[in-house]
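Those protein sequence lines, which keep their order, are chains A and B.
Counting from 1, position 28 in the first sequence corresponds to residue 28 in this note's numbering; the numbering is continuous, with no gaps.
Counting from 1, position 346 in the second sequence corresponds to residue 346 in this note's numbering; the numbering is continuous, with no gaps.
Heads up, a few of these hints could be off.
Facing chain A, from chain B, some residues (calculated, C-beta under 10 angstroms) [unchecked claim]:
no.	residue
1	323
2	343
3	346
4	379
5	384
6	388
7	400
These are computed hints drawn from the structure, not numbers from a lab.
No residue lacks a Cβ here, since even glycine has one placed at the ideal position from N, Cα and C.
The residues making up each chain are set out below.
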Amino acid sequence: MWDYSEKVKEHFFQPRNAGVLEGANGVGDVGSISCGDALRLMLKVEPETDIILNAHFQTFGCGSAIASSSALTEMIKGKTLDEALKVSNQDIADYLDGLPPEKMHCSVMGREALQAAVANYRGEVWSDDHEEGALVCKCFAIDAVLIEDTIRANNLCSVQDVTNYTKAGGGCSSCHEGIEEILVKVMTERGETFKPGAVAQEAVAPAGMTNLQRIRKIEAVLDTVRPQLKRDGGDIELVDVEGKTIFVNMKGACAGCQMEALTLQGIQQKLMEELKEFIKIVPTKAGALSRATCQP
Amino acid sequence: MEGIYFDNNATTRVDEAVVEAMLPYFTEQFGNPSSMHSFGNKVGLAIKKARMQVQELLGAEHDSEIIFTSCGTESDSTAILSALKAQPERKEIITTTVEHPAILTLCAYLEKEGYKVHYLKVDGKGRLDLDEYKKLLTDQVAVVSAMWANNETGTFFPVVEMAELANAAGAMFHTDAVQAVGKVPLNLKDTKIDMVSVSGHKLHAPKGIGVLYLKRGTRFRPLLRGGHQERGRRAGTENSTSIVGLGKAAEMALEAMTFENTEVARLRDKLEAGILVKVPRSFVTGDPSNRLPNTSNIAFEFIEGEAILLLLNKFGIAASSGSACTSGSLEPSHVMRAMGIPYTAAHGTVRFSLSRYSTEAEVDRVIAVVPEIIAQLRKLSPYWEGDGPAAEPEKAFAPTYA
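Given these sequences and hints, build the entire structure.
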C-alpha cells in the first residue's frame, strides 16, 4: 500500500471543489487515459482583474491524483492568473506533505491542467511539452524518457555517468539493469557497444590532457579562489590527485570553519566546469584532524 | 483482525490447525533432517508425511515427484530454466500473454539471452486459440508454460489438453497452478503435464514455501546446487516447519474441496450478481462459465481502481485492482489489456477473491457498500454526468496527453 500522507488521504476522502463548475470560462483537460490519470480543471476568472474567483475539478484517477486536483483548486483560488501559474508541481506536492515518487506525476498533471485552463481562458492553444516514461529510478523518481534524453544529449556510456547527470541509480542500485538497457539501446543507435564494465567516461586525462596538464589546471583553479580564502585568513593546498578524487588541505581559518563544506562544494563545482569532468574534492586527514581539534 | 478479506488470490491466512502442526518444528523438533541422530530423524519423517499429503492433493503418482521450493516463483524459474538446460538443441518457448510476471519477466529475460518466445494471445474472455498453439508446436520448442487458472480473472486454460499436444510434439509442458491448487481437484497422474508450480500461501499454508511437481522421467537440471536435499534437485536445508505446514494445509484443502466448489462458489456468485444488479456500467471480466470458484473480477467503467480500493479499505474491505496506479506502472493490468478491455474500464477493475472462511454476512456487507463507493467516485469523474456516463464519453472528455 502507498505511504500517503494524512493530508493526501484527507484531500482524497473529502475532496474540495469537486464537480462541474457552472459558468467556467477556462477549462483544461489533461492526462492520459492509458496511464489511468486524467483531469479536467475548470476556472471562473474575473476578466477585469484576472483573479480566479473559483476553481473546480473532475478527475479520473487514483487517490493521489484526486488529492492533487483538490489541493490545486484550493491553492489557486483568489490568485491572479499570473500568480497561479507560478504554482509548481513541487508546490502541489509540498501542500500535500509530499507524494510517493511513483505519484509525483499526479502533481505534474495538476500543474499542466492549470496551464491548459489558463491557455483556454486566454484563447491560446496549449501544447504539452513533456513526455513521461516508465519510472526507472524509484529512489529519485527518474523516468525512462529523461534518462534516454540525457544519455543522448551528453553521449553518456555508463551507469555512473547516468547517475552523475540525473541522480538515477544513485540510491538502492536496483534500477542499474534498467539503466543499462537504455544505455544499450541509445549506444547502439549511435553505433557504439555498451560495455558493462566501463567506468564513467574514462577521463583521467580528458580532452587530451596529460596528467601534468590536468594537475596544472587544478592548481590554476585553486589559485583563482585562493585570494578569497586568504582574505578570510585561510588557504587551500593541493595534496594529491587520484583519478577522479582530488585531495586538498584546508589551512588556517578555513580548516574547521563551519562553512568549509560549502566552500569545498563551490571549489568542486568550479573544478568540474574547468576540467569538464566529474570529480570529487576530498579534504585530507590532516585537514580533518585540525578540524576536529578546532571545534569546541 | 476485524475487516472483510476478499483478497485470497493475493495471499491467505494460515489456518490455525496449520500453525498448530508447525509449532513443534520450531522448538522441540528443530533438527536437521539430514543429520544422523534422532533430532533429525523425526523431522525427516515429518517431511515425508508432508510430501505424501501434497502428493495426494495434486493426484501425483509418486511422492518423489514433489520437490519443495521456497515459493511459486522459484518453481516457475526452476521449471523453465531446467527445460532449456536439459534440451539445449531446442531454443523456443511457448507461453501466453496473460501469465503471471514470474513467467513473463523470466521470458523477457530469456529473449535477451537469445531464446525465441511465442506469446499466445487471448480473446475478449481470456480464452486461448488452440489452433494458433498447434501451429507453433514444432521440434524447436523446449517448453510450453501456460497457467492453470488466471490470477486476475480466475479463467482456466485447457492445460490437460495443451499438455497432450505438447507431449505429442516432444516439448515439455509446465503449468503455473498456484491459483488452482487447493481450489479445484487435480489428478496429475492421468495427464501429460511434466511440471507444476505450487505456492503454499495461496492455500492457507505460510509464505515462503512452494512446490515443483516433476513428473517421473522428465529430464531435469537443478537451479540450486549444493546439497543432496530433495534428491539433489533443490539443494539447501529444508524449510521443515513450513513443509509440515504445507502438508497439513494440503490435507485440509482436499477435505474442503467440495465445499470450495459449492458453498464458496455460491457466495462468489451471490456477491457478483448483487453488485452487477446495483451498479450500472459494470461487467465481469474473463470467462464466467469456466473459472475458479472463488474469484470474481468486475470492471467499473469510468473510474480508477486504486481510488476504489482506498474507499473499500476505509470500510474495512480488502480487494485488488488491475489499475496502473496500484502497481506504480504506466499501464493497467496486462491481463485486461490482452483481453482488449478498454482503458476506461481496465483501470477500474476490482478482483474479489473469497476463501472457505468467507461468510454470507461479509458478502451482504460488500454488496451494500460497493454501489455507494462507485457512485461517489463517478461524481468526480469527467466521463460521468448525473446518473450515467456523458453522451459519447470518449468525446465529452478527450484530454491532452500529459
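Taking the hints in turn, this is what the structure says about them:
1. This hint holds: residue 323 of chain B has a C-beta 5 angstroms from the nearest C-beta of chain A, less than the 10 angstroms allowed.
2. For residue 343 of chain B, the interface hint holds, since its Cβ comes within 10 angstroms of a Cβ in chain A; the closest pair sits about 5 angstroms apart.
3. Taking 10 angstroms as the C-beta cut-off, the interface hint given for residue 346 of chain B holds, the closest approach to chain A being about 8 angstroms.
4. At its closest, the beta carbon of residue 379 of chain B sits 6 angstroms from a beta carbon of chain A; the interface hint therefore holds under the 10 angstroms criterion.
5. Against a cut-off of 10 angstroms between C-beta atoms, the interface hint on residue 384 of chain B holds, since the closest Cβ of chain A lies about 8 angstroms away.
6. Checking residue 388 of chain B against chain A by beta carbon gives a least distance of about 15 angstroms; that is not within 10 angstroms, so the hint is violated.
7. Given hint, residue 400 of chain B at the interface with chain A, holds; its Cβ is 5 angstroms from that chain's nearest Cβ, closer than 10 angstroms.
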